[in-house]
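Since the structure of chain A is provided, determine the placement of chain B on it from the hints.
Spelled out from the first residue to the last, the chains are:
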Amino acid sequence: MIEVQQGHNAAMSELFRRHHDRVFDYLYKLSRNRELSHDILQDVFERILHKKHTYQQSVPFVPWTLRIARNMLMDHFRKNKMKTVEIAEWDKPTTNMPAEHADIHLAMQKLRPEYREVLTLTRYQGMRYQEVAQVIGISETGVKTRVHRAIKDLREAYLQITTS
Amino acid sequence: MEDYQEILIPYLLGDLSEKEALQMKSRLLVDPDLNREFLELKEMWDNSQNIPIAQAEPHASERFEQWLVAQKDHHSQEPAHIIGLWKYAAAASVLLLLGMLWFLGSGPQEQIMDQPAQTNLLQWTAQESSTERIKGIHTSVREKSTDPDIVRALIKILQSDKSPNVRLTAVEAVQSMASSEESKQGLLKALENEKTPVVQIAIINALVSVQAGNAKEGFQELINKEEIETYVKDEAQLGLMRL
Numbered sequence: 038m039i040e041v042q043q044g045h046n047a048a049m050s051e052l053f054r055r056h057h058d059r060v061f062d063y064l065y066k067l068s069r070n071r072e073l074s075h076d077i078l079q080d081v082f083e084r085i086l087h088k089k090h091t092y093q094q095s096v097p098f099v100p101w102t103l104r105i106a107r108n109m110l111m112d113h114f115r116k117n118k119m120k121t122v123e124i125a126e127w128d129k130p131t132t133n134m135p136a137e138h139a140d141i142h143l144a145m146q147k148l149r150p151e152y153r154e155v156l157t158l159t160r161y162q163g164m165r166y167q168e169v170a171q172v173i174g175i176s177e178t179g180v181k182t183r184v185h186r187a188i189k190d191l192r193e194a195y196l197q198i199t200t201s
Numbered sequence: 043m044e045d046y047q048e049i050l051i052p053y054l055l056g057d058l059s060e061k062e063a064l065q066m067k068s069r070l071l072v073d074p075d076l077n078r079e080f081l082e083l084k085e086m087w088d089n090s091q092n093i094p095i096a097q098a099e100p101h102a103s104e105r106f107e108q109w110l111v112a113q114k115d116h117h118s119q120e121p122a123h124i125i126g127l128w129k130y131a132a133a134a135s136v137l138l139l140l141g142m143l144w145f146l147g148s149g150p151q152e153q154i155m156d157q158p159a160q161t162n163l164l165q166w167t168a169q170e171s172s173t174e175r176i177k178g179i180h181t182s183v184r185e186k187s188t189d190p191d192i193v194r195a196l197i198k199i200l201q202s203d204k205s206p207n208v209r210l211t212a213v214e215a216v217q218s219m220a221s222s223e224e225s226k227q228g229l230l231k232a233l234e235n236e237k238t239p240v241v242q243i244a245i246i247n248a249l250v251s252v253q254a255g256n257a258k259e260g261f262q263e264l265i266n267k268e269e270i271e272t273y274v275k276d277e278a279q280l281g282l283m284r285l
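Chains as they are written, first to last, in this note's numbering: chain A, 38 to 201; chain B, 43 to 285.
Any given hint might turn out to be false.
Stated by the list, open to error - In silico DSS-like cross-links for lysine-lysine, where the CA-CA straight-line distance does not exceed 25 angstroms:
{"#": "1", "chain 1": "A", "residue 1": "Lys116", "chain 2": "B", "residue 2": "Lys226"}
{"#": "2", "chain 1": "B", "residue 1": "Lys84", "chain 2": "B", "residue 2": "Lys67"}
{"#": "3", "chain 1": "A", "residue 1": "Lys89", "chain 2": "B", "residue 2": "Lys275"}
{"#": "4", "chain 1": "B", "residue 1": "Lys237", "chain 2": "B", "residue 2": "Lys198"}
{"#": "5", "chain 1": "B", "residue 1": "Lys275", "chain 2": "B", "residue 2": "Lys226"}
{"#": "6", "chain 1": "A", "residue 1": "Lys88", "chain 2": "B", "residue 2": "Lys258"}
{"#": "7", "chain 1": "A", "residue 1": "Lys88", "chain 2": "A", "residue 2": "Lys116"}
{"#": "8", "chain 1": "A", "residue 1": "Lys189", "chain 2": "B", "residue 2": "Lys61"}
{"#": "9", "chain 1": "B", "residue 1": "Lys84", "chain 2": "A", "residue 2": "Lys189"}
{"#": "10", "chain 1": "B", "residue 1": "Lys231", "chain 2": "A", "residue 2": "Lys181"}
{"#": "11", "chain 1": "B", "residue 1": "Lys275", "chain 2": "A", "residue 2": "Lys181"}
{"#": "12", "chain 1": "B", "residue 1": "Lys61", "chain 2": "A", "residue 2": "Lys181"}
{"#": "13", "chain 1": "A", "residue 1": "Lys147", "chain 2": "B", "residue 2": "Lys231"}
{"#": "14", "chain 1": "A", "residue 1": "Lys189", "chain 2": "B", "residue 2": "Lys226"}
{"#": "15", "chain 1": "B", "residue 1": "Lys204", "chain 2": "B", "residue 2": "Lys226"}
{"#": "16", "chain 1": "B", "residue 1": "Lys226", "chain 2": "A", "residue 2": "Lys88"}
{"#": "17", "chain 1": "A", "residue 1": "Lys181", "chain 2": "B", "residue 2": "Lys204"}
{"#": "18", "chain 1": "B", "residue 1": "Lys226", "chain 2": "B", "residue 2": "Lys237"}
{"#": "19", "chain 1": "B", "residue 1": "Lys275", "chain 2": "A", "residue 2": "Lys116"}
{"#": "20", "chain 1": "B", "residue 1": "Lys84", "chain 2": "A", "residue 2": "Lys116"}
{"#": "21", "chain 1": "B", "residue 1": "Lys258", "chain 2": "A", "residue 2": "Lys116"}
{"#": "22", "chain 1": "B", "residue 1": "Lys177", "chain 2": "B", "residue 2": "Lys198"}
{"#": "23", "chain 1": "A", "residue 1": "Lys89", "chain 2": "B", "residue 2": "Lys204"}
{"#": "24", "chain 1": "B", "residue 1": "Lys204", "chain 2": "B", "residue 2": "Lys177"}
{"#": "25", "chain 1": "B", "residue 1": "Lys267", "chain 2": "B", "residue 2": "Lys226"}
{"#": "26", "chain 1": "B", "residue 1": "Lys226", "chain 2": "A", "residue 2": "Lys181"}
{"#": "27", "chain 1": "B", "residue 1": "Lys198", "chain 2": "B", "residue 2": "Lys258"}
{"#": "28", "chain 1": "A", "residue 1": "Lys147", "chain 2": "A", "residue 2": "Lys181"}
{"#": "29", "chain 1": "B", "residue 1": "Lys275", "chain 2": "A", "residue 2": "Lys88"}
{"#": "30", "chain 1": "B", "residue 1": "Lys231", "chain 2": "B", "residue 2": "Lys204"}
{"#": "31", "chain 1": "B", "residue 1": "Lys204", "chain 2": "B", "residue 2": "Lys237"}
{"#": "32", "chain 1": "B", "residue 1": "Lys237", "chain 2": "B", "residue 2": "Lys267"}
Rather than coming from a laboratory, the hints here were simulated on the basis of the structure.
Bound conformation, chain A alone (with noise of 0.2 angstroms):
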């Protein structure tokens, strides 16, 4: 990023190539839709090189890069008041998947979006409990609480798919 401050665009396509995965895969756990999730991630790149001066060396990328996507998912529900996020093909399990990964892909779309999000940041980005704190803006000990809260539904959606 730093090299990116100085001018270097080609630093950018590096960027872009290392982090574009997971950056998808946060904003596609959190809308559930592709297209969209493509359409920001794009958006979101262009953004960090447009404010490449706002990044302060202090801040991690990943989470400050994070905290971009999730803003702009927002603003982007609120445009089009949104106050849900639409299910569209995240609830089909793959074919393929054994099933006690399709039960409980489907038990993680059961869970209220801050619970779905704690828990893709934790487990599936494998992020620390105050880099989570730095994406999402609050405390350390509100994310740990959120994750716990989030397990506790996550095992009772999970008890519900596999019982009936």
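Quick look at chain B alone, frame taken from chain A:
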């Protein structure tokens, strides 16, 4: 630790203190029901690791590369673009000069004729019904869309009306009118005192749309305030990036 069930999840994640974790471990050895529950939880948690990571389509990279190339081309053409902008600036200056001459020539008579506009709007908005007050804002703005007195009256409404809906209408009206320094300052002042999140967000967006550079400090103050809703802070953060 009284309720071991409640701390199964923190134990699974390694969020307990060393002492608490040891206590939990000992408890699991002597409590088969709790141990079974823990093993079920662990199995589900282990399975959750297997949800595939979503990957962007290959065209996403191609699209971004094309955009980067286009940016490079755009910047290489920038000198010509700047010259083009100077032409527009010169034309705008001439128009501004003509406008000033017209304004000075029109004299106090025009200003006197326009004076009741603010009074009319305030009379409209003194109505008991918020629907009537909103109607009053719409009517006055439509009739006197460039009147600075109307902007002043709107700012007054924005800072004092008890109904969030009326305040929202006032924000939209100010935003749609000329982006004078006075209107920017009025919006900023209103943001300081506003307590309703939806109106706070509308004011932030209005300040961004009129490119009020001096709003940055106000946005930062809002972000630092504990009592402000997170989604309002998000909007302010986004606003900071856009300004």
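If you check each hint against the structure, which ones fail? Violated hints (numbers, rising): 10, 13, 14, 17, 20, 23, 26; every other hint is consistent with the structure.
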